[in-house]
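Asks: Residue numbers (our numbering), protein chains in the order written: chain A, 102 to 488; chain B, 3 to 117; chain C, 138 to 460.
There may be inaccurate statements among the hints.
Unchecked claim - Part of the chain A face toward chain C, derived, beta carbon under 8 Å:
hint: 1; residue: T105
hint: 2; residue: G229
hint: 3; residue: R328
No lab work stands behind these hints: they were computed from the structure. All residues carry an ideal CB built from backbone N, CA and C; glycine is no exception.
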Amino acid sequence: MDLTARLLRAAAARPRLLVLTTPGGTPVRLAVEREARLRDWPVAATPADAGLLVLAGPGHPGTAPAVERLWRDMPGPRARLHARHPDEVAAALDAARARLASPDLQRADAAARPAAPPPDELPMAEQGPDRDGLWLDRLHVPLGPFLPDWPAGLVLRLVLQGDVVQQAALAGPAPVPGPAAGAGGRFWAEPWLRAAAGEPVTIGEAARRRAAAQLDSLARLLALAGRPGQATRARRLRDALLAHAPEPAVRPAVAALHRAVCRWGTLRRLTRGLGVLSTAEAEAAGVSGPAARADGDVFDRCREWLECVARDVRRLDATGPLDPADPVGREGPRGRTTGPLPPSVALAGLLPRLLTGTELAGARLIVASLDPDPDELAAAGAELAHD
Amino acid sequence: MSTTAAALSLLLLALLAVAAVYLAHHLVRLPGAPYAGPFLSGLEPAEHAVSRYHVRWYTVTLLFLAFDMEMVFMYPWTRVVAAMGTPAVVEMFVFLGILLAGVAHAWREGALRWT
Amino acid sequence: MTDPMTGPVAGRAAQPVAEAGAWWAVPAAPALLLGLAVLTVAAGAVLDARDAGRAVTPRTALRPLLDVAHALVRQPRRLPASDRLLWRLGVVTVPVSAVLAVLVVPFGGHAVADPSVGLVWFNAMEVLTWAGLWLAGWGPNAALSLVGGYRFLAQGLAYELPLMFALISAATGAGSLRTGAIVAAQQDLWFAVWMPVAFAVHLLGVLAFSFTGPFAYPTGRDLAGGVLGEVGGADRLLLRAGRRLWLAAGAAMAVPLFLGGGAGPGLPAWAWSLVKTLLVLAVLVAAERRLPVLRADRWVEFAWVVLLPLSVVQALVPALVVL
Chain A
102 MDLTARLLRA AAARPRLLVL TTPGGTPVRL AVEREARLRD WPVAATPADA GLLVLAGPGH
162 PGTAPAVERL WRDMPGPRAR LHARHPDEVA AALDAARARL ASPDLQRADA AARPAAPPPD
222 ELPMAEQGPD RDGLWLDRLH VPLGPFLPDW PAGLVLRLVL QGDVVQQAAL AGPAPVPGPA
282 AGAGGRFWAE PWLRAAAGEP VTIGEAARRR AAAQLDSLAR LLALAGRPGQ ATRARRLRDA
342 LLAHAPEPAV RPAVAALHRA VCRWGTLRRL TRGLGVLSTA EAEAAGVSGP AARADGDVFD
402 RCREWLECVA RDVRRLDATG PLDPADPVGR EGPRGRTTGP LPPSVALAGL LPRLLTGTEL
462 AGARLIVASL DPDPDELAAA GAELAHD
Chain B
3 MSTTAAALSL LLLALLAVAA VYLAHHLVRL PGAPYAGPFL SGLEPAEHAV SRYHVRWYTV
63 TLLFLAFDME MVFMYPWTRV VAAMGTPAVV EMFVFLGILL AGVAHAWREG ALRWT
Chain C
138 MTDPMTGPVA GRAAQPVAEA GAWWAVPAAP ALLLGLAVLT VAAGAVLDAR DAGRAVTPRT
198 ALRPLLDVAH ALVRQPRRLP ASDRLLWRLG VVTVPVSAVL AVLVVPFGGH AVADPSVGLV
258 WFNAMEVLTW AGLWLAGWGP NAALSLVGGY RFLAQGLAYE LPLMFALISA ATGAGSLRTG
318 AIVAAQQDLW FAVWMPVAFA VHLLGVLAFS FTGPFAYPTG RDLAGGVLGE VGGADRLLLR
378 AGRRLWLAAG AAMAVPLFLG GGAGPGLPAW AWSLVKTLLV LAVLVAAERR LPVLRADRWV
438 EFAWVVLLPL SVVQALVPAL VVL
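Just chain A, with the same shape it has in the complex (with noise of 0.2 Å):
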């Protein structure tokens, strides 16, 4: 009896995926995490505990490194897929759970790797001022490209003293080459760029989309706040919206995850003062959208999603031509996309300022809270290339 053979088919029933998402990759990790909730397939965190790697969206060099380093860091049973477009991710996860199986494929893989370790020329970490003045050993530690429910391919490069932040840069994501930078590689942003192109796109669609924009935004932030089983209720909202789901189906169910997030005010008072960021601070960035008008903390800038959702879900059945008077067709999910560059641009731009400072779970929930379009950043990364 072979068990270890028994214990891999037995483990491949529930493969745990790690979920790494390229530029201009949406569509497609939406499908992937939308297969993995109904199939009950866990999102693993870090490749010790994945022995699935996904790789959704188009191929991009400037993330391949980082790809290639969490493959390595993956112990074996393992397999990995990638997807480039949403309708061949539930074959390919297939496909890849056969090879998870596969006691013939796992015992060659795992002979294959390399028996000799890496050079260890790490030095210790040196020292610097903090806030009080003393002197407090730091760390360098990077948030981004792939970190669970970040804007993937977003890099902030920080320097810790314990778990505060003292410092924060922006250092990516590489732009995309080539025409995943278009339209069609800003899933989110997509309808207004249409329209703005002279494509016929109705209210109605634009509404949908910025709806399950604000879902999924939502989603990482509730997820990080420590309300997995709410952010899970969201993405369920946000895929019933990319269905199609007409609106009496999705309004009930706005209306309770709303109560729901706000209930009791917990939430509230653990993010109160949070990443605070008034309208004029925030316009004076060149920041349109939500996070303008919350006018406030991290809990504001959720509250406000929640009732942009709430309003969008009433109109996604308006079928009247999408134009900039009207007050879908103003802005984006994210803000105006009138603008010389995306409104991402500005959001990612806030961040070091309003990251400095804080200790490191904060700083998750400031970012999320933002959340600028990863999608956005390459494109304008690529915009700012040909310039």
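Once you've looked at the hints, dock chains B and C against the given chain A.
Replies: Frame of chain A, contents of chains B and C only:
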């Protein structure tokens, strides 16, 4: 069976169970032990992570130790308080009051301020 | 009376208490604990499935156990300059201390042992998790794991004192540190009724030393798993098992401390213990899914400035009552 024997039996049982898990893992796992880096979102570390941590842990720890020492007295105190009567209660809670005043002072000085 | 210094409350209801239980309690207690721990995993899986919109079938509840197979076939990994000895020591400490804690938890009329310092024993075992989780965070030489380990210390420095005062409130009410005597002292009125703050603080403490729900901060999603981020294979299995074993042990301890142990009409004592333990576990599983994560920058200050004085005042109440 005495308490000591019971505690040791329980410890032995727990350690045997742990050993069984490691043994099972050793017997059925895939061969080899690949080298890996610590998870840093896909990037390489710049230095060793083990380091002296932020100083504010130590101020909170000192505050904690003051109370923890006091607990050493309070456990036996629970058993004699009824027999000793009012003076025992007064002494203990005056002492606790002094410690709480210390907490209030440390709080005002910012010892519990996190960022 | 075996305890010469039990107070009047305990004296009224004192029963002969044996120092140690029957031999079969030694294997039975950890087996029961493991059963309760698996039950919390199954309950979590069912609630997860409901949230995710999947059909709930009997298989749903057991699917998380496939992770055991996954853990057992996993290759171990070698991390640069990791401290493997301390790392493993930390990982093993968590489940082993949870099992040791049930030494003094009576179930019905039976306990593995009922020493005169039972409460201190439980407290000491729970504090062992501090060392365990911190070492588990320190061992892999990974920044996010290290932050996770220290997060648990910050959490512990804040929850431990209120929890100790909660335990002491129950001990003062009974005039004894023996769990059997504490159960006996509640024959007329459960401690949960007249020490509600101590009961609530104990439940918070259980979530905290199980590092779950609002206290999942050391293993936070924002740290990519924190202390759990670099562990795999058998180590991961043991650490995750330790977490659920502690949740079950804490719930089982709440029953003798605050809910009158096995006392109740109609049913035998063991059945009442089981029913009460399951109810406490249900409350804890619901709470761990409802409450957002308490970050240290909010929790430490709250615990020291609000919870600690409250639990000191709560400890004063039984002290005045037993006079």
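Asks: It remains to establish, for every hint, whether it holds in the given structure.
Replies: Do the hints match the structure? See the list:
no. : hint : verdict
1   : T105 : 6 Å, holds
2   : G229 : 16 Å, violated
3   : R328 : 5 Å, holds
Hint compliance for this structure: hint 2 alone is broken.
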